[in-house]
Amino acid sequence: MRLLLIALLALLGMASPGRAEEFSLTIKDHRFEPAELQVPAGHALTLNVTNQDASPEEFESNDLDIEKVIPGGQSAVIRVEPLDAGRYEFYGEYHEDSAKGVMVAK
Amino acid sequence: MLGALVIVFREVIEAGLVVGIVLAATRGIPGRGWWVSFGILLGVLGAGIVAIFAGAISNAFAGSGQELLNAVVLIVAVISLTWHNVWMAEHGREIAAEMRKVGIDVSEGRKPLTALTIVVFVAVMREGSEIVLFLYGIVVAGTDMSALLTGGILGLVAGAALTALSYYGLTAIPARYIFSVTGALIALLAAGMAAQAVHFLQAAGIVTTLGTKVWDSSWLLSDSSILGRLLHVLVGYTDRPTALQLVVYLATLATMFVLIRLARAEWPVRSAS
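In order, the protein sequence lines correspond to chains A and B. Everything in the first sequence is counted per our numbering, starting at 767 for the first residue and increasing by one. Everything in the second sequence is counted per our numbering, starting at 90 for the first residue and increasing by one.
Just chain B, with the same shape it has in the complex (with noise of 0.2 Å):
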């Protein structure tokens, strides 16, 4: 039972995370709840997906398919946050002093909220597919199954507790500061997820410029480790970095930078109002 609940514990904040942020990051949009609720229930059935169709996603592409669907799906969750900060930086003033108020329109709310919904949709496939194979695991072991259900839900419940946690900690920020706050928390995660499908595609093979290991730091804080994971999660941080992944990711935050100042260069009259 533990080591269920351990396992489902672990992907669930994981996932749950990224949906903490994008909840707070989406404060005063209306139907957010929607988009955000599809999203996991998208990533819900890709999980159930992936984890069926594990054996030949694995075999695909000489046996790298597992990493190659990884770093794409993380590339598209990369590129969806980048587009929600950009919107955020044409939008978010606005909303930010319309939070209280009803009535924002909807129409202009649809762009980021796509977005996210294919970020908490990402996040909930990949770890989701672990806790469905590691269940189904148990079950083909024949393992007591009401210890498993046990374990699962508390660890689900665990799980979800500390993300609304996350969520509501996130929401205690003024609405004048939150989406500062919520666009650098978008764009760390934004940065590690690039990272992390540099790794992937390294894995792969795929890529093998810059595959030296900048620093090893596993002594002082592993990636096993819970607190570990979270920064992961959170801001990428990887025990043993490669040098491409380091660029990848000081690359992503800049190109993130850049494109914020343009988005809102663009909007004079906007942000003058």
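Next up, chain A with everything else stripped away, as it sits in the complex (with noise of 0.2 Å):
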């Protein structure tokens, strides 16, 4: 399986053109730190999601086509694709009620 990942990673590259840059995010008592995050437009991006809470969180956004299960006390590495103006929210889908956040493009 490993080799086969690895295989595959060869076969396509790892083309990633720019630097993306990054941006970090907390989920502490299933609330997002910060809550509102200011980013640019027309940028690729790095998202760093730490997780302080114990119990995993399902980091999601539709606005942005993002899925991502963040294991309790761990944190994730997740892409953003250069956006256009405007904002994109995003949740916890474990925690629905209080992990809201937004990101915003300018």
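Derived from the structure by calculation, the hints contain no laboratory data. Don't be surprised by glycine CBs; every beta carbon is placed ideally from N, CA and C. Incorrect hints may appear among the rest.
If we take Cβ atoms under 7 Å as the criterion, some of the chain B residues that face chain A in the derived model are [to be verified]: (1) 143; (2) 147; (3) 222; (4) 308; (5) 312; (6) 329.
Both chains are sitting in their own frames, so use the hints and assemble them into the complex.
Right under this line is the structure:
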């Protein structure tokens, strides 16, 4: 399985033009911190999401087309394609009532 | 309790629809119950393993492990579904004809059933791991366990009921047409999964070509609505597809169509009988 994945990676190449700008988000008490993230429009972004809760969370955004599980006490790297200016909502699927946030691209 | 019910229900129907279609697609093939149950069992085990190693998987391959795992299992499922449909193109007619008789050669049924066991396994593992993680989260948070259990069980029962409903709905189709219908459903299922695999490869940053969104129909039917989710599983609906997703979706359908034609052409004697 591992070999297969490496072969797949090698085959397709890790071409990623330009450097992505990095941003960080923290999940604590089933809330995002910051709940509103200002990002530049038109740039590829890397989002480092750290889950400080003991329980897992699923970072989900229909606007950004992202779905990623982040186990308790761990962090995850999420790639975001260059965005048009606008508001992009995201939430934690396992705690939808409290875990809500928005990414504002300008 | 309601949270647990909704999430478990949602994931169960997503896997359940796949199981329902597989069951309908294998009508009349002896031993299918065993193969499908085996797939479910493997899927539940796999879900537990994926959930336990969620952290390690997530951090693998520069943080793209989760996306890559999803892409790989989806590709395996697409290949299995294609394999099944091609096999059915060769043998479906005989099975439909003998549906009411006993004693179809079991060895003949072995090939596509391995393929469908894999498909059931993959579907249950993918959706199941989310259930395991979610329920684990509730346990860690120390929420009332009995409420969690009630919600989870109700969600499971409701999801299973819907699966049964979809299966019986499909079996109501006359034997003559059933394999045409399930064949079409499986082709759409495979195309949808292929497009989803592309999505994960794009999310992992491995595939960067044709990444432009072709349309946005989220105002009409959102991916996150129940109907959107069901159509996502069944025909691969997505409210913001990328160009590559569309290309791969259509290419999968075309490939399946061509392979089925070729498989039929290889057996002129059988189809004439």
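Taking the hints in turn, this is what the structure says about them:
1. This hint holds: residue 143/B has a C-beta 5 Å from the nearest C-beta of chain A, less than the 7 Å allowed.
2. Checking residue 147/B against chain A: minimum C-beta separation of about 5 Å stays under 7 Å; hint holds.
3. Interface restraint check for residue 222/B: the shortest CB-CB distance to chain A comes to about 5 Å, inside 7 Å, so the restraint holds.
4. Hint status for residue 308/B: violated, given a least beta-carbon distance of 12 Å to chain A, over 7 Å.
5. Look at residue 312/B: its Cβ gets to within about 6 Å of chain A, closer than 7 Å, so that hint holds up.
6. With its C-beta approaching chain A no nearer than about 6 Å, residue 329/B sits inside the 7 Å limit, and its interface hint holds.
The structure is inconsistent with hint 4 alone, although it conforms to all the rest.
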